[in-house]
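**Q** Start from chain A and add chain B according to the hints.
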Amino acid sequence: MNFRPITVLNKRTFRLNRGRNLVTALAIVLTTLMFTTLFVLSQSMCANLIEMTFRQTGYDAQVSFKNITEEQAEKIAAHPDAAEVGQSIVAGLGQGKALTGRQVEIRFADETYAAHSFAKPVTGRMPQTVDEIALDNIVLDKLGIPHEVGQCVTLEWVADYAQEETNVSEFTLCGFWEGNESSYASMAWVSREFADNAAADQDDTGAASSRIAGIHMAQVTLYSDRNIEGVMDKILEDTGLTGLEYGVNLAYDPDMNRMASQENLPMYLGMILVFVAGYLIIYNIFQISVTEDIQFYGKLKTLGTTARQLKKLLYGQAGRLCLLGIPAGLLLGYLLGMVLVPVWIQTEGARAAASPVIFIGSAAFAAVTVLISCMRPARMAGKVSPMEALRYNDVQRGGRLTKRRSGSAGLPALAWSNLGRNRKRTVTVICSLTLGLTLMSVFYAKNAAFDMDKYLEELMLSDFQIDQATSEEYVKGYDPYGATLNAQLLAQVEEAAGLEGIGYEYSHETEVSLSEQTIANIQAFYTEEVLADWAAYDPTGPGSIQEAVDEKSAGAVVYGLDGIALDAYTAQKHVLAGNYDAAQFATGEYVIAAGLAVEKEEGQILPTVSVGDGIEIEGQTYTVMAVLDNFNVITQGAKEGGIESGNQDRHYLEFIMPLKTFRTRWPQNTPRKLFFNVEDAHLDDVQEMLDRYSAESQESLPLTTRASKAAQYRRESRASAVMGNVISIVIALVGVLNFVNSMVTSIVSRRKEFAMMQSVGMTKPQLCKLLVWEGIDYAWITLVCTYVISSLAVGIGVRAMVEGGFTTFRFTLLPLVLCTPLLLLFALLVPWLCFRNLEKDSLVERLRAA
Amino acid sequence: MEVIVRAAGLKKYYGKGEALVKALDGVDLEIERGKFTAIIGTSGSGKSTLLNMLGGLDVPSEGSVRIGKQELAKLTSEQATIFRRKQIGFIFQNYNLIPVLTVWENIIFPITLDGRKPDQKFIMEIVQLLGLQNKLDSLPGNLSGGQQQRVAIARALAAKPSIILADEPTGNLDSRTSDDVIGLLKVTSDQFHQTIVMITHNPDIAARADRVIRIEDGKIVTGKEAAR
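Line by line, the protein sequences give chains A and B.
In terms of my numbering, the first sequence opens at residue 1 and continues consecutively.
In terms of my numbering, the second sequence opens at residue 1 and continues consecutively.
Calculated from the structure, these hints are not laboratory results.
Don't take each hint at face value.
Unchecked claim - The calculated EDC-like cross-link candidates involving lysine to aspartate or glutamate, where the alpha carbons are at most 20 Å apart (straight line), are:
hint	chain 1	residue 1	chain 2	residue 2
1	A	K383	B	D179
2	A	K75	A	D233
3	A	K639	A	D453
4	A	K312	B	E71
5	A	K311	B	E125
6	A	K383	B	E78
7	B	K219	B	E62
8	A	K11	B	D180
9	B	K11	B	E62
10	B	K186	B	E125
11	A	K312	B	D179
12	B	K11	B	E71
13	B	K11	B	E216
14	B	K35	B	D137
15	B	K86	B	E71
16	A	K75	A	D201
17	A	K383	B	E216
18	A	K311	B	E78
Note that the structure is predicted; figures quoted are calculated from it, not measured.
Chain B extracted, bound-state conformation:
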């Protein structure tokens, strides 16, 4: 299988002396194309930090992240921004939808920022799949949490990124809606052969991924293939 993300020797330290916090302490990781990977760990284990490093949102103290052929550390901040909107889709715990834009506008926002024309047919396919076709003209404020997260998923998918990074996508949702959302993530991963890396602290949710990586105190503990 082709490796799409490769992290090597990733370290992230905050503070100094006694107050030194080792958020990441030497992480080596490879993510394969088309797989749905879950990173699981307790609160403060460093899983969010890892995800931010993978998405180029945060800069490691040491080590490197490579997405496709691109070494992230070699990008300027502005180049990283552009790389992100082309290659990486984000799904956040608090959805991060833009409240003044309609659902449709939110979905196509990163694409249009890049000056590209949205692929209408492809996006409508996603919208159908996520059941948002009747909500396209609504503002995010009028949607339920589950619906908002589906919009975020649609937005992440719309740009056809190399990888989607999801940070506790179900953190703000009740268990039924969470199930739905994870189901949708799984379906889209399969249907569009989309690589997804998802963070969660919930082992039940993690269990539905193709692969589960456990992280504890900034280090990877296990990285076993889940049974299909």
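Chain A extracted, bound-state conformation:
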């Protein structure tokens, strides 16, 4: 017979304390649940961020070659370090009004290339014959073709950017897939034969740089994400291709991980809070149970159980509870995570990550929390004096009680001194409750501080904004003669019922030469140091500035503004230097320099023309009236000329002139942006009118409304609000559990004392009142602490947190006010319920109970 005393004791005493174990297990479940949820969220966030970058870059292979020959690609494919090589040949670019706003790349690709480009047909297959094509749903929808294999597809396209006439080809749809919304381009897969023909047929009289048909591309998948450049260079060296240009997928950049961990900062903070909350309750429960069992431990010690063995006993109990609580917490936490992930991560198709790290990490964190919580109680159990076992009842406690009572003390005073008997427990419970309630107040106040009006003011200047379709067309470039905002639409808007204000924005690109003063300004602002810092993460910007300084000329965007657009931008808060005078400006002799992303500072040198300077724009000189900051609503947008022109990366100065002046100078330009306000009562009518227009003209209007922006924000911010509330509510729940548990145990453990009181004449109602008073004392101390700490946290912490940004701070403790009656109710209910349970046993039974 192999009798292992501690193990057996562990098992048998565990069964004895069902109620206590239940509470502890519940606390462990809640702690694990919160850890797991936070882990799921942070892991999903990382996974999603990387997935997003893959989708934005358009492929998930490590390396891409923009220009390579087939032989070179084959050589790389044959190298043992290359896992997979996918190849593609460009045939041309899709054209036509229907495809506006989407780049459609007509290409041949092998299965590998398509698969790694998020463009492998899910229905049907890749094209095989020259008249077959595979498209994504985005292009199909733009062309108005049903999602069905065998449909006829007519496509306008060019093999050369510079090509005047477009080619028209007819295909049969052989496959399609869900398009990649994160990328600006869609792939249109055609057969190898089609691509080869396109390359052979193209007109080679124009500039070689605009020809795209026949460009051979490749993507290389490696076995590992580490040291991608090193591995690739070695492959190129081994295959004799050293110097061949390639790009490493941005998604594999080490910066991605850093970004992910920054995004996860609130999660780490949450984990610390969870740890504290978990510690407060688990520590309290074990502390209470050790105190209750102290005689038992004393007895064991007398019989020869060492401190080590006693600790082992306690840790054994904790371990058993972990075995019960942690798996349940993992499961529930993962489920909660699955619910929260789509709310937290807004992107389409965000799913809860299922990596083992989540479960191992959460389990480990929870176990460590329990372990740390047990340390002090275990030490207490280990240090128990054997004399403890010989003490048959705790006379000392009672003694202190009588000393504290003043002569005529009633029940409330007795209750108050009872609370002081176990100060450590009282403090722990109050901390626990205060933590949860304070967090709740903080999250609420922080969310309540958000000011939608301030937010919208930054993003919108009117109820409605319609952009020209190519305004954000960074690849092909902005078309200043586009027809989105045509006379028909403008007439409809201007006649719309309830129109309150309207404003136009036109834009024109040109070239300006930089005066000595302007160059000095630029150099004073962009010092070597600033440029070096900038170049460290993006060399394009500093390069273009240097180029402008060297050549003493830069690009210029001239905006023509009127109406509410002009009024909004020239408002005092946007003015960095000079003074705006509407009447003088309207004369047409002035311009305003605009678009500087700098903070308003007195005496600062701004990197543009100085106020009062003359600036020559296409032969005419204007005086600079003022300098404005950057107001994205006006200045955001693509430059004219597509990627190949290099304009998008050039350094530009920006100027504003009155629309009237602008229109006389460049009468051919069409409006770029239209802003208008409508009376609230007519908002819906106007929206309907625009929808109707959009349907009739078969053109999707690039429309933004205040309402849609507000809705978008609410959608996006729901995540952090939900997260914060879930965490603080669970922590508050833990606090309540701690409170209830402490109340219950302090009553149950004093059964004998109560019986004694009754035996000397305390009536049942008096006893019940005593217990209720104790509960109320607990509650009001907690409430006082919580109100004080929350007031400080909200008044100082939240106020500082929401400083700046789109917020208006309001002092509020609403969640606390709502919780106050609840807490008081608990304070009354718990003692009362416990008392009713006590009543079931007879006085003598309770007096005799050990």
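**A** Positioned in the frame of chain A, the structure of chain B alone reads:
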């Protein structure tokens, strides 16, 4: 005769000033191996304190206790615990059985805590002697007071300690059962040559010991050999 316990100048004071309580006030004592010694005194005379000092459960304010060759004051708390389970058997007024363990498990508990194998043959001998053979699988809660105290005696004997300390072992028992228990203690003392020190306030019970030590106000009054 060999002396197994030697206490010298034992003092235990509680409190301070006017509230000073001299629980033990200079006790010198020697206990011989194999003898059944009774310590008798009134309530509050210091007899329990003395016993706790002898068992290393409590630390004296002054003086020393030596069991065999071991000076108790020189042990750390952890060492004292281990020393106790090897060398000292306790029998308490309230039995101090562990309610979740069976009779058999209770008996072997201190031995197994020490990581030793219980001497089955020896323990069964004790069990037979104490008449517990049919109760080995019962839990203490199902036994009468007398039976529980017999289990406690068996437990104290099982580890073959140098000395057994019994604190009012019959305090909770009626007179017939008390007689039984004292009889058993006496028999085991004789049969296993076990040194036993027992506290009691009952002179009739004390009279059955080999030697009676009377203690009053923390001091030993007499220590006469009882007539055999």
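**Q** Sort out whether E216 (chain B) lies within 20 Å of K383 (chain A), counting only the CA atoms.
**A** 32 Å, violated
**Q** Decide if the proposed pair is consistent with the structure: K86 (chain B) and E71 (chain B), CA atoms, cutoff 20 Å inclusive.
**A** Holds: K86 (chain B) and E71 (chain B) sit about 15 Å apart, inside 20 Å.
**Q** Checking one constraint from the list: CA of K311 (chain A) to CA of E78 (chain B), max 20 Å. Satisfied?
**A** 13 Å, holds
**Q** For the pair supplied as a hint, K311 (chain A) and E125 (chain B), is the alpha-carbon distance within the 20 Å limit?
**A** Violated, because 34 Å separates the two Cα atoms, which is more than 20 Å.
**Q** With the threshold set at 20 Å, check whether the alpha-carbon distance from K219 (chain B) to E62 (chain B) stays at or below it.
**A** The hint holds at about 14 Å.
**Q** Under the criterion that the straight-line Cα-Cα distance not exceed 20 Å, is the pair K383 (chain A), E78 (chain B) satisfied?
**A** 9 Å, holds
**Q** Run the distance test for K11 (chain B) versus E216 (chain B): straight-line Cα separation, threshold 20 Å.
**A** Holds: K11 (chain B) and E216 (chain B) sit about 14 Å apart, inside 20 Å.
**Q** Checking one constraint from the list: CA of K11 (chain B) to CA of E71 (chain B), max 20 Å. Satisfied?
**A** It holds: about 16 Å lies between the C-alpha atoms, which stays within 20 Å.
**Q** Holds or violated: K312 (chain A) and E71 (chain B), Cα atoms, limit 20 Å.
**A** With a Cα-Cα distance of about 29 Å, the restraint between K312 (chain A) and E71 (chain B) is violated, given a limit of 20 Å.
**Q** Under the criterion that the straight-line Cα-Cα distance not exceed 20 Å, is the pair K186 (chain B), E125 (chain B) satisfied?
**A** Since the Cα atoms of K186 (chain B) and E125 (chain B) sit roughly 16 Å apart, the hinted pair holds (cutoff 20 Å).
**Q** Straight-line Cα separation of K11 (chain B) and E62 (chain B) no greater than 20 Å?
**A** 5 Å, holds
**Q** Would you mind confirming whether the straight-line C-alpha gap from K35 (chain B) to D137 (chain B) stays at or under 20 Å?
**A** 32 Å, violated
Checked against the numbered hints above, the structure breaks hints 1, 3, 4, 5, 8, 11, 14, 16 and 17 and satisfies the rest.
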